[in-house]
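*Asks:* Knowing the structure of chain A, use the given hints to seat chain B on it.
Sequences listed follow chains A and B, in order.
Letter 10 of the first sequence, counting from 1, is numbered 10 in the working numbering, and no numbers are missing.
Letter 32 of the second sequence, counting from 1, is numbered 32 in the working numbering, and no numbers are missing.
Treat the hints with care, since some could be wrong.
Covered stretches of chain B (chain A as the covering partner; in silico rule of three or more C-beta atoms under 8 Å from a C-beta of chain A) [stated by the list, open to error]:
{"#": "1", "region": "68-79"}
{"#": "2", "region": "103-112"}
Some but not every residue of chain A turned toward chain B, in silico, with C-beta under 7 Å [unchecked claim]:
{"#": "3", "residue": "Gly3"}
{"#": "4", "residue": "Gly42"}
{"#": "5", "residue": "Phe90"}
{"#": "6", "residue": "Thr102"}
{"#": "7", "residue": "Phe105"}
{"#": "8", "residue": "Gly106"}
{"#": "9", "residue": "Leu112"}
Far from chain A, by Cβ distances over 10 Å, these chain B residues were calculated [to be verified]:
{"#": "10", "residue": "Thr5"}
{"#": "11", "residue": "Ser9"}
{"#": "12", "residue": "Met10"}
{"#": "13", "residue": "Asp11"}
{"#": "14", "residue": "Val18"}
{"#": "15", "residue": "Ser23"}
{"#": "16", "residue": "Gln42"}
These aren't lab readings, by the way, just hints derived from the structure by calculation.
All C-beta atoms, glycine included, are put in the ideal place defined by N, C-alpha and C.
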Amino acid sequence: DAGITQSPRYKITETGRQVTLMCHQTWSHSYMFWYRQDLGHGLRLIYYSAAADITDKGEVPDGYVVSRSKTENFPLTLESATRSQTSVYFCASSESMGKIETQYFGPGTRLLVL
Amino acid sequence: LAKTTQPISMDSYEGQEVNITCSHNNIATNDYITWYQQFPSQGPRFIIQGYKTKVTNEVASLFIPADRKSSTLSLPRVSLSDTAVYYCLVGPEASGTYKYIFGTGTRLKVLA
Numbered sequence: 001d002a003g004i005t006q007s008p009r010y011k012i013t014e015t016g017r018q019v020t021l022m023c024h025q026t027w028s029h030s031y032m033f034w035y036r037q038d039l040g041h042g043l044r045l046i047y048y049s050a051a052a053d054i055t056d057k058g059e060v061p062d063g064y065v066v067s068r069s070k071t072e073n074f075p076l077t078l079e080s081a082t083r084s085q086t087s088v089y090f091c092a093s094s095e096s097m098g099k100i101e102t103q104y105f106g107p108g109t110r111l112l113v114l
Numbered sequence: 001l002a003k004t005t006q007p008i009s010m011d012s013y014e015g016q017e018v019n020i021t022c023s024h025n026n027i028a029t030n031d032y033i034t035w036y037q038q039f040p041s042q043g044p045r046f047i048i049q050g051y052k053t054k055v056t057n058e059v060a061s062l063f064i065p066a067d068r069k070s071s072t073l074s075l076p077r078v079s080l081s082d083t084a085v086y087y088c089l090v091g092p093e094a095s096g097t098y099k100y101i102f103g104t105g106t107r108l109k110v111l112a
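The shape of chain B in the complex, shown without the other chains:
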């Protein structure tokens, strides 16, 4: 099982870059790494997905080292509105299925 481990919470200040690292030591060859963001009282929404090296979109960057045993979500110049829970997912959970394990995520609090 590709279990993930990420910090329970993080604090940051507006304008800073935030890096959230996720460990997934037993990631499988075919697994992708996906990050979701969840605001209070809303469902999660997709942020970014990658397989290896670096992926960047308009919201974030995802860094994946060669061994793929960890990944880092990077949020540039965060604002108060980036306060949310961030989930790292690796999977799918089992071959031929579409099961993903969300876990408890990282609660990011951006301070003024």
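Bound-form chain A, shown alone:
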């Protein structure tokens, strides 16, 4: 019963490098989400996906790219990392949207951009 996993758990990179954060869920949930959490800002939605090949922007999408070729995976790519993208990133999934459903969160990825 793996649930939802994220990798890597910790990542240090340099400004300008491309970084991809992985998210994998074993429930076959339709919806998946990426959030970032910074001190003083709570959690902010970056992107979400309603199904494979369907994605939409959240509050803070600039500088990020997502894809969803398979239902179970939702990678987040920082095409050219900046120091302001230093944060903790959480992936989440949810079963459906027909009725309000809860979101299940992964353990998070701590990213440091030098």
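*Replies:* Leaving out everything else, chain B in the frame of chain A:
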């Protein structure tokens, strides 16, 4: 937009009941009220959800008045392990989407 307002922090002692109130004056007719809990270094987890009146589960109770402009999360007899950040969410943010705004939450500290 259904913006929420909740206290930044609260302190309590073990064994006490804790009530955290969230204001959402412009809640929409179809909006649900959902509370999440987040421990340090972990992702948030669902606590309770409601639409109106009172909802109770094994963890907490949620009180929603008739006008639904506020809600109160009640944690009975808290313990040190209830120290966490509690988020009140109202939404989804826009009809036909699944966007929720978490905000900064209420940091609850339970003291011995």
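*Asks:* It remains to establish, for every hint, whether it holds in the given structure.
*Replies:* These are the hints, each one checked on the structure:
{"no.": "1", "hint": "68-79", "result": "violated (count 0)"}
{"no.": "2", "hint": "103-112", "result": "holds (count 3)"}
{"no.": "3", "hint": "Gly3", "result": "11 Å, violated"}
{"no.": "4", "hint": "Gly42", "result": "4 Å, holds"}
{"no.": "5", "hint": "Phe90", "result": "5 Å, holds"}
{"no.": "6", "hint": "Thr102", "result": "4 Å, holds"}
{"no.": "7", "hint": "Phe105", "result": "3 Å, holds"}
{"no.": "8", "hint": "Gly106", "result": "6 Å, holds"}
{"no.": "9", "hint": "Leu112", "result": "15 Å, violated"}
{"no.": "10", "hint": "Thr5", "result": "13 Å, holds"}
{"no.": "11", "hint": "Ser9", "result": "13 Å, holds"}
{"no.": "12", "hint": "Met10", "result": "16 Å, holds"}
{"no.": "13", "hint": "Asp11", "result": "20 Å, holds"}
{"no.": "14", "hint": "Val18", "result": "20 Å, holds"}
{"no.": "15", "hint": "Ser23", "result": "16 Å, holds"}
{"no.": "16", "hint": "Gln42", "result": "7 Å, violated"}
Checked against the numbered hints above, the structure breaks hints 1, 3, 9, 16 and satisfies the rest.
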